[in-house]
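*Asks:* These are the residues of each chain, in order.
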Amino acid sequence: MSHGPTVAGVTPPPHRRRTHPGDLIFRGLSGGSAVSVLAIFVLSIILLFEASRDSLSRWGLPFLWGQVWNPNATPLSPIVFGALPAILGTLETSFLAMLIGVPLSIGIAIFLTELSPGWLRGPFSFVIELLAAIPSVVFGIWGALFLVPYMGTQVDPSLAATIGRVPLLGAPFAPSPVGYTGDGSLTAGIILAIMVIPTISSVSREAFKAVPNDLREAALSLGATRWETTRLAVFPYAKRGVLGAITLGLGRAVGETIAVVLVIGNSYTIAKSLYAPAVSIASWIANTFGESSGLEREGLLELGLVLLGISLIINVVARLILRRSVFTEGMGT
Amino acid sequence: MKFDRDTRRKLFSHVVSVACLLCVGIAIIPLGSILYESVLKGIVVINWSFFTENQPLPCNPQFQSGCQFGGIFNSIEGTLLLIGISAAIALPLGILGGIYLSEFGRHRFGDSLRFFADVLTGVPSIVVGIVVFSLFFLLAQQGLIPTNYTLSVLSAGVALSFIMIPIVARTCEEALALVPNSTREAALALGVPKWKAVTSIVLSTGRSAVMTGALLAIARATGETAPLIILDAGSQFSFQPSAGLHQPTSSLPFSIYNWVQSAYPNWIADAWGATLVLVVLMLGISVAARLALRNKYGEGGVV
Chain R
0 MSHGPTVAGV TPPPHRRRTH PGDLIFRGLS GGSAVSVLAI FVLSIILLFE ASRDSLSRWG
60 LPFLWGQVWN PNATPLSPIV FGALPAILGT LETSFLAMLI GVPLSIGIAI FLTELSPGWL
120 RGPFSFVIEL LAAIPSVVFG IWGALFLVPY MGTQVDPSLA ATIGRVPLLG APFAPSPVGY
180 TGDGSLTAGI ILAIMVIPTI SSVSREAFKA VPNDLREAAL SLGATRWETT RLAVFPYAKR
240 GVLGAITLGL GRAVGETIAV VLVIGNSYTI AKSLYAPAVS IASWIANTFG ESSGLEREGL
300 LELGLVLLGI SLIINVVARL ILRRSVFTEG MGT
Chain W
0 MKFDRDTRRK LFSHVVSVAC LLCVGIAIIP LGSILYESVL KGIVVINWSF FTENQPLPCN
60 PQFQSGCQFG GIFNSIEGTL LLIGISAAIA LPLGILGGIY LSEFGRHRFG DSLRFFADVL
120 TGVPSIVVGI VVFSLFFLLA QQGLIPTNYT LSVLSAGVAL SFIMIPIVAR TCEEALALVP
180 NSTREAALAL GVPKWKAVTS IVLSTGRSAV MTGALLAIAR ATGETAPLII LDAGSQFSFQ
240 PSAGLHQPTS SLPFSIYNWV QSAYPNWIAD AWGATLVLVV LMLGISVAAR LALRNKYGEG
300 GVV
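Protein chains in written order, with numbering that gives the first Met the number 0: chain R, 0 to 332; chain W, 0 to 302.
Be aware that one or more of the hints could be misleading.
[Said to hold, decoys possible] Examples of chain R residues lying across from chain W (beta carbon under 10 Å, computed):
#, residue
1, H19
2, I44
3, L130
4, A132
5, A143
6, S175
7, V177
8, S220
9, G222
Hints listed in this document are in silico derivations from the structure and should not be mistaken for laboratory results. Just so it is clear, the structure is predicted and the values come from calculations on it, not from any experiment. By construction, the Cβ of each residue, glycine as well, lies at the ideal position given by its N, Cα and C atoms.
So here's chain W without its partners, still in its complex pose:
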């Protein structure tokens, strides 16, 4: 069969289209497989007590009677605590930093801060983990803080905040950059001092986009595991408020990591259950954030 030149060209164009469509298909396969596996294997352990009980002792239900599946209560608790600590540090710093970059940062120094923030988002989270380990370790060595803070929920929260700060700052900046200049000018023309114009008018106009950026940063921190392996190496118990922030806690990602590596069937089963919970949580946040941005700013959004 012979084609003339034009037919050949058109045919080739179609072949490329199909090949590119195939690329999309290939990328969707692992996503589908991940969702399928975690629903299939996670759903079997999920019931009410899975959310209310602490992690079980490792055992094999086939050979040991009374082998419990337990739950992820202490993991959820640890995750919430980690989010609370890291958000308390990162959101004020990140949002104020973003305000600076957007409202005052139109100069070389602002440009270089922006550049460093972007580079910082690319630093591997395991490196952030050992950096914070070194920070707490050296401070304790100098006698400035007690040594038991080095491996604790506090140090892990600080590490997560280091990961969040550049993300929050950049998304906040980009959110504020979408606020029309006329809004600022209108406020300033009325004689409002700039700080007040920024905090009460610019920030409240861009509020939902700033919040969405913060939410995405929190989502990122929620799924982060590597710094926790270094700093917050798990606990089978609930958080003891009286024992303070220097106690280690568990968390959803850490539990999954820990249980996967074990050979105990009840832990492996719980790992899938926790995975399903984490996936639903992360996809939920991501979908909600993207829908919120899309409604407000059309396709693409801020992030």
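So here's chain R without its partners, still in its complex pose:
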């Protein structure tokens, strides 16, 4: 597929060597359109640097580890902007999303390619694909009006009362000193986990599907069970694609905005508890940008630059992993 449309073996007769002028125009027009992708890419980086120039020069690198976001000067607290709570919040919620979402997604991919009876495969994969079609604002309203109250009254208190009491390992789930509103990193992490499942499971499925059947048959003929076949023959071959899928899912979790801003609580602090209101880069931009102006707006644009940097690194790594893996088709989104 990847080498489809070359016109191999067709040499035009000598008297028609000259390229048709229409061909040149068409090639230029379509080439120009294709380059627009590159242009958007380069433009994004230049524009964000340019638009946040004052903020960049005023705060310098300490912007990255500053802990305070104060747009209004008072005698006791000068204007200062720091990105650390947002960066940590983004990492924390994405990490939670991966912790919950990755095992589920791989389980789904393994079930759908290796273990499922044929008649279940179609309906199940269809339903998982539907999850990908739900817009993030719908996850947002469901999160804000259904999941948050449910977490606050049911899940958070009982987690704190059970796992939270376990010494050491249970520490992140320890009872919250500020009570349970349902907002916070844990709820955001759960929503993000649901949202990355379609991405990770569908790309992992492609990886499993690309494993040659010979390997499965060889393992089965040696007497391996279904699971042993998957673990010993299929998984090593698909490892790279699964890793790419996970990285792609991480990129999605890091940048998700609407679903997060509606459930995370939007408190610009380094949250001491998974149950306490927190913040992520994307959610803070969405929450604050509309009412901001001047230096604060530039600070938010710089925050956006940080997010662009993080997501570019993640996505470039993901695409490099996927490009070198044995399968490359069907990796559109």
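Chain W: place on chain R using the hints.
*Replies:* Quick look at chain W alone, frame taken from chain R:
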């Protein structure tokens, strides 16, 4: 109870199967809950006037007599306008770009364009929103465009088109790659210039798959909210054609976002109604697109 080694292995294999089936089940629960909640709470406000009236003033029907539920007419209008603007920019650029990648792009430069397009699809939409904000803001600062375009339906449409272009280009490329080479060769062998062979033969052979890719990109843009919060921050009125493209409009996703955050019961109720409309629309497009692809190319399709 003791099992011999083989029984244990077989049993463990079954246990893993059940665990994986459980994973599928766990993933289906939130989908079911989302659909259940939006149907249950959305259906109560949906009637004919919900589609024909503009958004209501915020109020509480329990304490205020004459509290209206209004409708989503101006939101639908804004969404259609946004789709129109973004599709007008993104479909020509994306489809032509996809043609280039598929028909001329078999070299290192084409590979790197492909790579950038893939990376670009992973850039968070909120970042695209502030990039377009910066673009319009800086252009206005230079005096090249009026300042009131920065927060408008036009800038939001441009942001949505930036999100759509790489998607359209890649799906179009993959759709054209499915057109058999013999089709191209047959056209070229008849002496048809390449541009004509591509536009009238290759493109029309792969047309339905290209259209499906475009439809999926439009669906993606329809549900996108983050850039709209930055750029097209809502309006309670209908679009005024005489006021031009620099006016802000509302849209389905923006209204939902805006209403959810309010404490007004009539807005919350309308948010669920709009959610139901949006979900039905998105699932409808997605199902239709996937069925179209599946019929034509077997399971898996292009996307």
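*Asks:* None of the hints should be skipped; say for each whether it holds.
*Replies:* Structure-based check of all given hints:
Interface restraint check for R/H19: the shortest CB-CB distance to chain W comes to about 4 Å, inside 10 Å, so the restraint holds. About 9 Å separates the beta-carbon of R/I44 from the nearest beta-carbon of chain W, less than 10 Å, and the hint is met. The beta carbon of R/L130 is positioned within 10 Å of a beta carbon in chain W (closest approach about 5 Å), and the interface hint is therefore held. Checking R/A132 against chain W by beta carbon gives a least distance of about 4 Å; that is within 10 Å, so the hint holds.
The interface hint given for R/A143 is met, as the beta carbon of that residue sits about 5 Å from the closest beta carbon of chain W, less than 10 Å. Violation of the interface hint for R/S175 is found here, the shortest Cβ-Cβ separation to chain W being roughly 23 Å, above the 10 Å cut-off. Given hint, R/V177 at the interface with chain W, is violated; its Cβ is 21 Å from that chain's nearest Cβ, farther than 10 Å. The beta carbon of R/S220 comes no nearer than 16 Å to any beta carbon in chain W, farther than 10 Å, and the hint placing it at the interface is violated.
At about 9 Å, the closest approach between the beta carbon of R/G222 and any beta carbon in chain W falls short of 10 Å, and the interface hint on this residue holds.
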